[in-house]
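Just need the whole structure built from these sequences, with the hints factored in.
Spelled out from the first residue to the last, the chains are:
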Amino acid sequence: MSVENAPVVDVDEAAIPVEKKMYYRFESNDKKEFRVSELAIQQSETLNRLVEAMGYTSEDVENKPAIAIENIDGKTLKLVFQWCEHHKGEAIPVDDGSVPKIVEIPEFDAKLMDIDNGLLFKLIWAADYLNIVQLLNVSCKKVANMAQGKTPAQLRRVYLLPSDEEDEAAKRAAQEAQDPRAREVEEEFEERKRQGGNSFF
Amino acid sequence: MRLQVSLLDMPELPMSIIMDYCDFPAILNLLKTCHSFRDYIKTHKPLPQITQIGFSNQRNQYICNVSRTEHVFVMIVFDIWHDYCLHPMGGMFKMYYYKMANGCEVVWERSVDLDTKEERKIFLENEDFIEAFSRDLKIILEIQKFPIKDFTFWGGPGLSGGFHKAMQSNIFQAHRISFRNSHQHEIMEYLQHFCPKTLEAIYINCHDDVINGVKKPWMTISEVTKSEQWKGAMRVGMTIPGPYLAPIEDFGHLEKGYVNYRRIGLEHVKVMKEAFLSSNSLTKSFCLMFYECPDQEEIKRFLDPTLQKDRYLYRRPHHPCQIVSIQFMDTNGGYKQFEFSVMDIKNITEPERRSLPPIEVDANRILRGLMEELEDDSGKLEEKKIETPPSTTENPSCLSSVNRFFSRLFYGKQ
Numbered sequence: 001m002s003v004e005n006a007p008v009v010d011v012d013e014a015a016i017p018v019e020k021k022m023y024y025r026f027e028s029n030d031k032k033e034f035r036v037s038e039l040a041i042q043q044s045e046t047l048n049r050l051v052e053a054m055g056y057t058s059e060d061v062e063n064k065p066a067i068a069i070e071n072i073d074g075k076t077l078k079l080v081f082q083w084c085e086h087h088k089g090e091a092i093p094v095d096d097g098s099v100p101k102i103v104e105i106p107e108f109d110a111k112l113m114d115i116d117n118g119l120l121f122k123l124i125w126a127a128d129y130l131n132i133v134q135l136l137n138v139s140c141k142k143v144a145n146m147a148q149g150k151t152p153a154q155l156r157r158v159y160l161l162p163s164d165e166e167d168e169a170a171k172r173a174a175q176e177a178q179d180p181r182a183r184e185v186e187e188e189f190e191e192r193k194r195q196g197g198n199s200f201f
Numbered sequence: 001m002r003l004q005v006s007l008l009d010m011p012e013l014p015m016s017i018i019m020d021y022c023d024f025p026a027i028l029n030l031l032k033t034c035h036s037f038r039d040y041i042k043t044h045k046p047l048p049q050i051t052q053i054g055f056s057n058q059r060n061q062y063i064c065n066v067s068r069t070e071h072v073f074v075m076i077v078f079d080i081w082h083d084y085c086l087h088p089m090g091g092m093f094k095m096y097y098y099k100m101a102n103g104c105e106v107v108w109e110r111s112v113d114l115d116t117k118e119e120r121k122i123f124l125e126n127e128d129f130i131e132a133f134s135r136d137l138k139i140i141l142e143i144q145k146f147p148i149k150d151f152t153f154w155g156g157p158g159l160s161g162g163f164h165k166a167m168q169s170n171i172f173q174a175h176r177i178s179f180r181n182s183h184q185h186e187i188m189e190y191l192q193h194f195c196p197k198t199l200e201a202i203y204i205n206c207h208d209d210v211i212n213g214v215k216k217p218w219m220t221i222s223e224v225t226k227s228e229q230w231k232g233a234m235r236v237g238m239t240i241p242g243p244y245l246a247p248i249e250d251f252g253h254l255e256k257g258y259v260n261y262r263r264i265g266l267e268h269v270k271v272m273k274e275a276f277l278s279s280n281s282l283t284k285s286f287c288l289m290f291y292e293c294p295d296q297e298e299i300k301r302f303l304d305p306t307l308q309k310d311r312y313l314y315r316r317p318h319h320p321c322q323i324v325s326i327q328f329m330d331t332n333g334g335y336k337q338f339e340f341s342v343m344d345i346k347n348i349t350e351p352e353r354r355s356l357p358p359i360e361v362d363a364n365r366i367l368r369g370l371m372e373e374l375e376d377d378s379g380k381l382e383e384k385k386i387e388t389p390p391s392t393t394e395n396p397s398c399l400s401s402v403n404r405f406f407s408r409l410f411y412g413k414q
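Residue numbers (full-length UniProt numbering), protein chains in the order written: chain A, 1 to 201; chain B, 1 to 414.
If you're looking for bench data, these hints aren't it; they were derived computationally from the structure.
None of the values given here were measured: they were computed from a predicted structure.
Do not take every clue at face value.
DSS-like, lysine-lysine: derived pairs with alpha carbons at most 30 Å apart [as the list claims (entries may be wrong)]:
{"#": "1", "chain 1": "B", "residue 1": "K197", "chain 2": "B", "residue 2": "K226"}
{"#": "2", "chain 1": "A", "residue 1": "K171", "chain 2": "B", "residue 2": "K165"}
{"#": "3", "chain 1": "B", "residue 1": "K145", "chain 2": "A", "residue 2": "K150"}
{"#": "4", "chain 1": "B", "residue 1": "K138", "chain 2": "A", "residue 2": "K150"}
{"#": "5", "chain 1": "B", "residue 1": "K256", "chain 2": "B", "residue 2": "K336"}
{"#": "6", "chain 1": "B", "residue 1": "K336", "chain 2": "B", "residue 2": "K226"}
{"#": "7", "chain 1": "A", "residue 1": "K171", "chain 2": "B", "residue 2": "K42"}
{"#": "8", "chain 1": "B", "residue 1": "K165", "chain 2": "B", "residue 2": "K197"}
{"#": "9", "chain 1": "A", "residue 1": "K150", "chain 2": "B", "residue 2": "K121"}
{"#": "10", "chain 1": "B", "residue 1": "K117", "chain 2": "A", "residue 2": "K150"}
{"#": "11", "chain 1": "B", "residue 1": "K256", "chain 2": "B", "residue 2": "K270"}
{"#": "12", "chain 1": "B", "residue 1": "K165", "chain 2": "A", "residue 2": "K150"}
{"#": "13", "chain 1": "B", "residue 1": "K121", "chain 2": "A", "residue 2": "K111"}
{"#": "14", "chain 1": "B", "residue 1": "K121", "chain 2": "B", "residue 2": "K149"}
{"#": "15", "chain 1": "A", "residue 1": "K150", "chain 2": "B", "residue 2": "K99"}
{"#": "16", "chain 1": "B", "residue 1": "K94", "chain 2": "A", "residue 2": "K150"}
{"#": "17", "chain 1": "B", "residue 1": "K149", "chain 2": "B", "residue 2": "K226"}
{"#": "18", "chain 1": "A", "residue 1": "K171", "chain 2": "B", "residue 2": "K145"}
{"#": "19", "chain 1": "B", "residue 1": "K32", "chain 2": "A", "residue 2": "K171"}
{"#": "20", "chain 1": "A", "residue 1": "K78", "chain 2": "A", "residue 2": "K21"}
{"#": "21", "chain 1": "B", "residue 1": "K117", "chain 2": "A", "residue 2": "K111"}
{"#": "22", "chain 1": "A", "residue 1": "K150", "chain 2": "B", "residue 2": "K32"}
{"#": "23", "chain 1": "B", "residue 1": "K231", "chain 2": "B", "residue 2": "K270"}
{"#": "24", "chain 1": "B", "residue 1": "K94", "chain 2": "B", "residue 2": "K117"}
{"#": "25", "chain 1": "B", "residue 1": "K145", "chain 2": "B", "residue 2": "K165"}
{"#": "26", "chain 1": "B", "residue 1": "K165", "chain 2": "B", "residue 2": "K32"}
{"#": "27", "chain 1": "B", "residue 1": "K231", "chain 2": "B", "residue 2": "K256"}
{"#": "28", "chain 1": "A", "residue 1": "K150", "chain 2": "B", "residue 2": "K42"}
{"#": "29", "chain 1": "B", "residue 1": "K138", "chain 2": "A", "residue 2": "K171"}
The structure is reproduced here in structure tokens:
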């Protein structure tokens, strides 16, 4: 088991109460371990509730096994915790309809998300799974920005979308996989049509 | 760089946020990628509702400032009042499809004012500009919720083909259609695609002196008025002067309307007066504009034999408290008008009330009408208040019958 040093924690002693200076240990699905400050964890509603429910003391954190996050790999989790540490203490946006939804991507976030599209998609999944509202907003905004000024063909490449023909073929294949008889029936129908039959039955 | 997973695999919430942040051209292009994406958009409809859509291929300074001759211009207005922060460039979106030597250039433009403009261009190689317009329009209409509030055609030859292709055999639901600088055959081509049940208003206007390079004709809409769409519409307006727009009877059913005839006669006024007297509507209004009226004196004599007024008031025979007003106005703007409207008897002056002409029907007709109404509303008798008309100039036999009827009904007097 390796320990990742990626989240470098900058703790403001004056601003943070003594009892908040606890660091939790998390483990990704590929067995990479991270130490994350309690304040940074508050950016994730899911993790925050989890640690509250566990009620760990400082000793528990050190002595008990790391909390496993089974759906997220180490590479993605490292980005998530880097983001949380950078934005720790910031207010979590609430979508109550009155708050403007304009999202500007900060410089730190832009650099953090300067990654390949596959990893960016995983980051979005992680932000959604861990319920990190602002990370979800900025990462989705980044994906949306990628569509600007692209032709349909370019969009297919960027987002790995199928063409209409590929889409239809995939649907047919899925149907056939569900019902192997369907293909035979269709072939039989086509054969009868070729022979000039008006009715299938 | 290719992804391991597709955008379509994204969970519901992130996908919805991504679509919120995508602008209209991006979504339009995403819709062209595959069936699955179109299905997603149709189900979730992340685009704001379109309230107004219009298109044209004319060069017209009032609509758009287009320098190139062969083009299609599309204007879309989104209903974004509740989500304005997502669309800081405003709710209006303009698209231009330009014919190029080896394809088509599409320009999307969004602007709040002349200084703040956001513009995107894309070149489609070997694409016909009408085809590109037609395909985009089809996609836009496919993902919309209907009915759309307002649909506008600015006319122009050859454009209806693109619209037909986009519409195919679909019937469009809109509350209001406006035609500007369009000929009757163009109007008919578009109108057939609209659902008569949802259509509330039709406006036909002509602002330019020249339509499609031909001097403005004195139009007819006699075919349009035979359509189901026309018969179903309750509001109609047209500023196209014509010697023979359509028979005046075709306008009688309208709740609200204005029409501009080149020339009118006594028959026009007679027909509209009868339509207003026989209607039950309290909000009916109609403006009959005209340039020439050889029968003007005859009309005035018909409306008021004393020739002393420009405003003529009549009681509705079956609703004596409702007054039909016909007002003559000379606007000094080259045209004159008769304005027809309905008002309550309380809203006219005492001298006007005294000078009301006698009701032109017998008492039996009034009683029959009242009895029918009372039978319908028998449960609401307590709330119903019906005023007796003043008895200064009316036919005495008629009014005495009405008064006796009311007395028996409301006060139990014999």
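A quick look at each hint next to the structure:
1. K197/B / K226/B: Cα-Cα ~15 Å, so holds.
2. K171/A / K165/B: holds (27 Å)
3. K145/B / K150/A: holds (26 Å)
4. K138/B / K150/A: holds (20 Å)
5. K256/B / K336/B: holds (18 Å)
6. K336/B / K226/B: Distance ~27 Å between K336/B and K226/B Cα, so the pair holds.
7. K171/A / K42/B: Cα-Cα ~18 Å, so holds.
8. K165/B / K197/B: Holds: K165/B and K197/B sit about 23 Å apart, inside 30 Å.
9. K150/A / K121/B: holds (10 Å)
10. K117/B / K150/A: Given pair K117/B, K150/A holds - Cα atoms ~20 Å apart, limit 30 Å.
11. K256/B / K270/B: The hint holds at about 18 Å.
12. K165/B / K150/A: The given pair, whose Cα atoms are some 25 Å apart, holds under the 30 Å limit.
13. K121/B / K111/A: holds (28 Å)
14. K121/B / K149/B: holds (29 Å)
15. K150/A / K99/B: Holds: K150/A and K99/B sit about 20 Å apart, inside 30 Å.
16. K94/B / K150/A: holds (18 Å)
17. K149/B / K226/B: Cα-Cα ~23 Å, so holds.
18. K171/A / K145/B: At roughly 27 Å apart (the allowed maximum being 30 Å), K145/B and K171/A satisfy the hint.
19. K32/B / K171/A: holds (18 Å)
20. K78/A / K21/A: holds (20 Å)
21. K117/B / K111/A: Roughly 29 Å between the alpha carbons, so the hint for K117/B and K111/A holds.
22. K150/A / K32/B: Answer holds: K150/A to K32/B is near 12 Å, not above 30 Å.
23. K231/B / K270/B: Answer holds: K231/B to K270/B is near 21 Å, not above 30 Å.
24. K94/B / K117/B: holds (11 Å)
25. K145/B / K165/B: Holds: K145/B and K165/B sit about 20 Å apart, inside 30 Å.
26. K165/B / K32/B: With a Cα-Cα distance of about 16 Å, the restraint between K165/B and K32/B holds, given a limit of 30 Å.
27. K231/B / K256/B: holds (13 Å)
28. K150/A / K42/B: holds (21 Å)
29. K138/B / K171/A: holds (23 Å)
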